[in-house]
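Protein chains in written order, with the numbering used here: chain A, 1 to 127; chain B, 1 to 127; chain C, 1 to 388; chain D, 1 to 388.
Just so you know, the hints here were simulated from the structure itself, not pulled from any lab data. Among these hints, one or two may not hold up.
Said to hold, decoys possible - Derived Cβ-Cβ restraints for the label pairs, each shown as a range:
1. D:Ala193 x A:Ser4: 31 to 39 Å
2. C:Arg236 x B:Ala91: 40 to 48 Å
3. A:Val102 x C:Asp161: 27 to 35 Å
4. D:Asp362 x A:Leu8: 57 to 65 Å
5. D:His170 x B:Asn13: 55 to 63 Å
6. C:Gln52 x A:Leu8: 21 to 29 Å
7. D:Asp190 x A:Ala9: 50 to 58 Å
8. C:Phe359 x D:Ala193: 45 to 53 Å
9. A:Glu95 x C:Gln52: 26 to 34 Å
10. B:Ala91 x C:Leu283: 52 to 60 Å
11. D:Ala193 x A:Val102: 43 to 51 Å
The beta carbon of each residue, even a glycine, is placed where N, CA and C say it ideally should be.
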Amino acid sequence: MNYSAEVLAHYRNPRNAGTLDPQLPDVGTGQAGSREQGAVVRLQIKVEDDGRIGQARFKAYGCGCTIAAASLATEWLQGADLDKAAVLNSAAFVEALSLPPVKMYCAMLAEDAIQAAIGDYRNKQQE
Amino acid sequence: MNYSAEVLAHYRNPRNAGTLDPQLPDVGTGQAGSREQGAVVRLQIKVEDDGRIGQARFKAYGCGCTIAAASLATEWLQGADLDKAAVLNSAAFVEALSLPPVKMYCAMLAEDAIQAAIGDYRNKQQE
Amino acid sequence: MSKRPIYLDYAATTPVDPRVVDAMVPWLYENFGNPASRTHAYGWDAEEAVEQARAHVAALVNADAKDIIWTSGATESNNLAIKGAAAALAHQGRHVVTVATEHKAVLDPCHELERQGFEATFLPVMPNGLLDLDRFRAALRDDTILVSVMLVNNEIGVIQDISAIAAICHDKGILLHVDAAQASGKVAIDLQATDIGLMSFCAHKTYGPKGIGALYVRRKPRVRLQAQIHGGGHERGFRSGTLPTHQIVGMGEAFRLAKQEMADDMQRLAVLGRRLRDGLLGLPDVYLNGDADQRVATNLNISVDHIEGEALMMSLPEIAVSSGSACTSASLEPSYVLKAIGRSDALAYSSLRLSIGRFTTDADIDAALQLIPREINRLRELSPFWED
Amino acid sequence: MSKRPIYLDYAATTPVDPRVVDAMVPWLYENFGNPASRTHAYGWDAEEAVEQARAHVAALVNADAKDIIWTSGATESNNLAIKGAAAALAHQGRHVVTVATEHKAVLDPCHELERQGFEATFLPVMPNGLLDLDRFRAALRDDTILVSVMLVNNEIGVIQDISAIAAICHDKGILLHVDAAQASGKVAIDLQATDIGLMSFCAHKTYGPKGIGALYVRRKPRVRLQAQIHGGGHERGFRSGTLPTHQIVGMGEAFRLAKQEMADDMQRLAVLGRRLRDGLLGLPDVYLNGDADQRVATNLNISVDHIEGEALMMSLPEIAVSSGSACTSASLEPSYVLKAIGRSDALAYSSLRLSIGRFTTDADIDAALQLIPREINRLRELSPFWED
Ligand SMILES: Cc1ncc(COP(=O)(O)O)c(C=O)c1O
Ligand SMILES: Cc1ncc(COP(=O)(O)O)c(C=O)c1O
Ligand code: FES
Ligand code: FES
Chain A
1 MNYSAEVLAH YRNPRNAGTL DPQLPDVGTG QAGSREQGAV VRLQIKVEDD GRIGQARFKA
61 YGCGCTIAAA SLATEWLQGA DLDKAAVLNS AAFVEALSLP PVKMYCAMLA EDAIQAAIGD
121 YRNKQQE
Chain B
1 MNYSAEVLAH YRNPRNAGTL DPQLPDVGTG QAGSREQGAV VRLQIKVEDD GRIGQARFKA
61 YGCGCTIAAA SLATEWLQGA DLDKAAVLNS AAFVEALSLP PVKMYCAMLA EDAIQAAIGD
121 YRNKQQE
Chain C
1 MSKRPIYLDY AATTPVDPRV VDAMVPWLYE NFGNPASRTH AYGWDAEEAV EQARAHVAAL
61 VNADAKDIIW TSGATESNNL AIKGAAAALA HQGRHVVTVA TEHKAVLDPC HELERQGFEA
121 TFLPVMPNGL LDLDRFRAAL RDDTILVSVM LVNNEIGVIQ DISAIAAICH DKGILLHVDA
181 AQASGKVAID LQATDIGLMS FCAHKTYGPK GIGALYVRRK PRVRLQAQIH GGGHERGFRS
241 GTLPTHQIVG MGEAFRLAKQ EMADDMQRLA VLGRRLRDGL LGLPDVYLNG DADQRVATNL
301 NISVDHIEGE ALMMSLPEIA VSSGSACTSA SLEPSYVLKA IGRSDALAYS SLRLSIGRFT
361 TDADIDAALQ LIPREINRLR ELSPFWED
Chain D
1 MSKRPIYLDY AATTPVDPRV VDAMVPWLYE NFGNPASRTH AYGWDAEEAV EQARAHVAAL
61 VNADAKDIIW TSGATESNNL AIKGAAAALA HQGRHVVTVA TEHKAVLDPC HELERQGFEA
121 TFLPVMPNGL LDLDRFRAAL RDDTILVSVM LVNNEIGVIQ DISAIAAICH DKGILLHVDA
181 AQASGKVAID LQATDIGLMS FCAHKTYGPK GIGALYVRRK PRVRLQAQIH GGGHERGFRS
241 GTLPTHQIVG MGEAFRLAKQ EMADDMQRLA VLGRRLRDGL LGLPDVYLNG DADQRVATNL
301 NISVDHIEGE ALMMSLPEIA VSSGSACTSA SLEPSYVLKA IGRSDALAYS SLRLSIGRFT
361 TDADIDAALQ LIPREINRLR ELSPFWED
């Protein structure tokens with residue numbers, strides 16, 4: 001598999017790798033995939049008072065495309081408001097990273113992790 | 001098929017090719033093989049008063065080994081007496097010409113033609 | 001090899017064009033990757049080269065590159081086509097039709113099908129070597145699942161009317177396989193314009209390397225085929241095994257050159273072939289085998305009455321020719337192709353196949369026309385049938 | 001290819017040794033004859049070269065040259081051996097035994113036999129990748145006609161105890177086929193001393209060209225086999241098709257060099273392999289796949305816990321390696337070989353195969369030992385499993 005320049009850029013230089021404290025009320029944590037399937041994406045968002053995402057962090061286990069998608073997700077998330085974040089989908093990742101069809105799964109993991117992180121944050125806010 | 005030097009020597013320079021008058025009482029003519037089988041050898045011998053073969057001639061249709069065997073046959077026949085001629089067999093040709101197994105048939109044609117020529121001569125003498 | 005004979009046996013195999021050699025060599029030591037290695041540049045480069053070569057092969061016959069499957073040669077292509085299609089279509093019928101003058105690489109797979117319980121019809125040809133189309137049509141039955149007819153005959157060079165045969169098969173909805181091993185680079189082939197489901201090729205009759213071939217397997221409409229070599233599922237699942245990049249690149253380059261140079265090559269060879277033919281057919285009791293017009297200019301198959309073919313070849317160490325196909329010349333049987341066109345045993349035994357190609361020169365033809373008549377005369381002098 | 005990565009994927013394919021290239025090239029343009037052409041010097045020379053190469057291949061494994069059949073590679077050899085022997089022996093029984101960790105080129109033909117109505121047993125292996133001989137013996141039945149076990153595994157490099165397996169088969173009178181594609185030139189093979197009926201080889205794992213292989217078919221006592229490619233009856237009738245002289249000469253030269261240099265090569269590679277192994281197994285949570293001792297020194301297969309193999313390879317553009325076999329690396333399934341030795345999915349996904357060979361240098365190992373740990377650390381920093 002010959003990866004696109006976009007994938008390689010993110011993969012070699014991942015943005016925003018790391019962890020936020022998942023206990024904080026303004027941090028949403030989402031995870032998708034499983035170790036048995038060979039890929040896991042964890043995304044965390046820290047939502048500011050104005051409703052925008054201030055910080056996003058990822059950790060990923062999986063192929064390079066998965067890592068690149070998770071990295072790109074944090075870039076897109078930072079500065080976005082939650083509604084905009086919620087519509088980020090796998091197709092957007094496939095396009096931005098020029099992913100081949102066999103790598104659809106990696107993009108879906110990023111989408112699912114975003115949804116899970118937003119859901120986690122919203123749950124916390126409702127409590 | 002890579003032919004032996006012995007075959008090539010006879011084949012390139014056949015000895016005693018030609019025809020004797022088959023009507024003459026002291027000429028024996030023998031032929032073996034058939035056109036349909038792809039090979040024919042015709043041998044003729046002219047027997048002198050002392051019982052020795054003075055002249056031998058051949059014509060042959062067939063592969064190079066057949067032609068070489070017929071040519072060699074005339075060499076062996078000339079100067080031989082009939083008893084000696086009668087024992088010339090295919091094995092002798094195979095050995096002298098280093099014929100490979102697939103070329104046994106060619107040697108047998110020479111043997112058969114010799115026998116036929118001697119038989120023809122002896123028949124004529126008995127008449 | 002000491003002094004090299006003049007090569008007039010291009011139908012047995014051709015030299016690899018030096019430009020093809022140059023294209024192949026870098027894929028041995030420098031770019032040696034396995035095209036199946038998806039994890040590094042060695043593999044990617046090899047895969048790219050393989051796909052480029054596939055496009056070149058497809059282009060020569062106006063096919064889609066995706067319809068080309070790599071094999072180890074035309075023998076394997078024919079086996080895959082015939083046994084693979086028969087197995088895939090066995091539920092529809094168990095009758096196949098081919099021609100008595102096909103190459104053994106078609107006849108033997110058909111015999112194998114007979115052993116497996118299929119029925120095979122081996123159609124006779126007319127005295128000119130061509131298929132009688134009415135007879136062909138009449139041989140097709142409701143349970144006929146496959147027809148296999150070669151485009152150019154390897155022994156006598158006749159060109160079957162494949163367009164007409166394809167049209168008949170199309171009408172009856174019967175899958176057609178064409179062995180084009182001897183045709184590529186000599187005869188124009190247009191697979192978009194002709195309804196042919198399967199076509200076999202090899203590189204080594206078209207200035208490419210031996211041991212590589214291809215099978216065209218049409219996808220639209222889809223031709224069903226059962227793989228014959230299993231193990232990993234390369235090549236759309238039809239043919240497993242590591243792809244030999246250098247061989248494939250060689251075939252691609254050979255077919256690219258064939259497309260580029262076919263018109264010029266064949267024009268030049270038509271002149272040389274004509275001179276050879278006129279010179280030899282001018283001798284007494286020398287006969288042309290195969291149709292006088294429906295033939296490739298590069299093949300001249302003659303019967304020289306009253307002498308035997310092997311003896312004649314042996315008389316001509318300065319010239320490399322064959323008597324019948326290279327595959328049967330070791331046996332003592334007369335050629336089954338010449339028998340099929342109605343030649344007597346005697347004329348079959350006395351046949352000589354001269355085939356010319358890209359590297360044949362005027363001087364080669366001069367030499368042949370000097371030597372061959374001389375040796376014909378010499379051998380006829382030795383023949384018991386000439387004087388009689 | 002711009003700057004070439006360090007090649008540590010010799011198990012996928014090897015470069016063709018430049019001496020082998022030199023031996024091959026003259027058979028493309030200069031000596032291009034068809035070995036089946038019996039009527040002229042071009043053919044005779046080619047045939048002689050083919051027979052000399054056959055002797056070289058036989059010599060490496062102490063076999064009689066007459067027992068060697070040319071094929072297009074180990075995939076075809078395996079197909080011919082397994083399907084050909086099963087067809088020939090079907091009247092004696094319809095059960096075959098093989099191993100779950102075989103190459104697809106063995107497994108898929110066995111699956112094909114199942115489709116044909118044979119029964120196939122795919123034996124599990126022990127966690128070290130080796131066959132449990134008691135379990136193997138117990139799997140053999142009265143109707144078992146064929147056993148197929150590979151000598152060296154392509155993914156994890158373990159060496160099966162073929163002498164013991166052969167002795168068991170011998171006792172029971174069962175034909176044994178051995179896929180030795182990964183073994184030639186690495187492991188000593190003596191076919192006079194071991195009762196093996198069929199053995200598959202290819203050239204391209206032993207510094208020869210891709211697209212050529214061989215099958216050893218013992219004649220004394222005679223192994224029965226049904227041809228799989230029909231058409232003219234070359235190669236004792238087992239495998240038809242024009243013999244590719246240059247390819248065969250290449251395989252012959254590669255195997256001649258292997259015999260000559262195996263001892264020295266393997267001694268040198270044992271040192272390099274050891275260094276690589278010690279360096280990587282010294283990292284935390286890195287595990288060796290396959291037996292620690294019963295393995296070829298050229299193969300190192302590790303699982304790097306907490307990260308994924310493809311990602312690791314992608315992090316190492318300076319090094320060409322593979323994760324699992326080259327044939328399955330494109331799929332998203334974890335390697336079936338690693339699963340068979342009991343690795344969890346996670347460890348199977350995190351595997352890396354490094355394989356070294358004749359042209360691997362000390363500097364290559366230095367670079368690998370510098371880059372691989374660095375990237376393992378970098379990826380682990382990104383992994384949600386490392387910190388946890
Ligand atoms: C018409 C035809 N078909 C098939 C073949 C066999 O192909 P290959 O030599 O690639 O095995 C040949 C040549 O030998 C041929 O002339
Ligand atoms: C053990 C084993 N068997 C068979 C094969 C297939 O052989 P080939 O590449 O010649 O088709 C390979 C390599 O790909 C192999 O490693
Ligand atoms: S996670 Fe394995 S393909 Fe992307
Ligand atoms: S006569 Fe044909 S082989 Fe000698």
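Here is how each hint holds up against the structure:
1. D:Ala193 x A:Ser4: 31 to 39 Å: Once the Cβ atoms are compared, 54 Å apart, the range 31 to 39 Å for A:Ser4 and D:Ala193 is violated.
2. C:Arg236 x B:Ala91: 40 to 48 Å: violated, 59 Å
3. A:Val102 x C:Asp161: 27 to 35 Å: violated, 46 Å
4. D:Asp362 x A:Leu8: 57 to 65 Å: At 30 Å between Cβs, range violated.
5. D:His170 x B:Asn13: 55 to 63 Å: Cβ of D:His170 to Cβ of B:Asn13: about 58 Å, so the range 55 to 63 Å holds.
6. C:Gln52 x A:Leu8: 21 to 29 Å: Since the Cβ atoms of C:Gln52 and A:Leu8 sit about 24 Å apart, the hinted range of 21 to 29 Å holds.
7. D:Asp190 x A:Ala9: 50 to 58 Å: For D:Asp190 and A:Ala9 the Cβ distance comes to about 55 Å; the hint holds.
8. C:Phe359 x D:Ala193: 45 to 53 Å: holds, 49 Å
9. A:Glu95 x C:Gln52: 26 to 34 Å: The hint (26 to 34 Å, Cβ to Cβ) holds, given that A:Glu95 and C:Gln52 are roughly 28 Å apart.
10. B:Ala91 x C:Leu283: 52 to 60 Å: violated, 39 Å
11. D:Ala193 x A:Val102: 43 to 51 Å: Given range 43 to 51 Å: holds, Cβ gap about 47 Å.
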